[in-house]
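Undergrad: Sequence:
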Amino acid sequence: MQLPGTNDENESIFPSLTWKQRIIGFACCVAVGFCISIVSWLAVVNREWVQFGIFVSVANLVSMAGSCFLMGPMKQVKKMFEDTRLEVTVILITSLVWTLIAAFWLQTAWVVILMCIIQYVALLWYGLSYVPGGRMIVKKAVKGIAT
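Under the working numbering, the first residue of the sequence shown carries the number 925, and numbering increases by one thereafter.
If you're looking for bench data, these hints aren't it; they were derived computationally from the structure. The beta carbon of each residue, even a glycine, is placed where N, CA and C say it ideally should be. Misleading hints may appear alongside valid ones.
What the hints assert, rightly or not - Just the calculated beta-carbon pair ranges, DEER-fashion:
id, residue 1, residue 2, range
1, 998, 1051, 16 to 24 Å
2, 940, 1007, 28 to 36 Å
3, 941, 1052, 20 to 28 Å
Claimed, not checked - Distance condition first, Cα-Cα at most 25 Å in a straight line; then the derived PhoX-like pairs of lysine-lysine:
id, residue 1, residue 2
4, 1003, 1063
5, 1067, 999
6, 944, 1003
7, 944, 1002
I would like the entire structure built from these sequences, with the hints used as guidance.
TA: Here it is, written out as structure tokens:
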């Protein structure tokens, strides 16, 4: 039996998992990513910008990896570069790379913080692209708040 979101049994990370187990794997990745993200903000209190940048980047990667449970890694990568997600994928990857550059080489706090904020927003926008009407709802909400 094929699981929703997979084209081929070999495309999945764990082909023997049930759909319920895949949902649990996805939820666990998102939860672990969220916890790492919370821990990252403790580094801000201590002004540890390298740690902050690393933790935020790892948290976002772990959260994104959760969707590999749902559709498999190859389909995940293909979907990341579809027209509807291409811009946000490029922004997310670029901000992730610049976060690490700013943390390790530039060691400039404001650049690290800015890149982490961009990562968070890009990851949210990326995630909303999988929710039917998700981006439209957020746009309307922001427009309603702004007026």
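Undergrad: Decide, hint by hint, whether the structure agrees.
TA: Hint check:
Restraint check, residue 998 to residue 1051: a C-beta distance of roughly 20 Å satisfies the suggested window 16 to 24 Å. For the hinted restraint 28 to 36 Å between residue 940 and residue 1007, the CB-CB distance of approximately 33 Å keeps it satisfied. A C-beta distance of roughly 26 Å is found between residue 941 and residue 1052, which places it inside the suggested range of 20 to 28 Å. A threshold of 25 Å between alpha carbons decides the hint, and for residue 1003 with residue 1063 the separation of about 22 Å falls inside it, so the pair holds.
Annotation: proposed proximity of residue 1067 to residue 999 is violated, straight-line Cα distance about 33 Å (limit 25 Å). Taken as a hint, the residue 944 and residue 1003 pair is honoured in the structure, with Cα atoms around 22 Å apart against an allowance of 25 Å. As the CA atoms of residue 944 and residue 1002 are separated by approximately 23 Å, the hinted pair is consistent with the 25 Å bound.
Violated hint: 5 only; the structure is consistent with all others.
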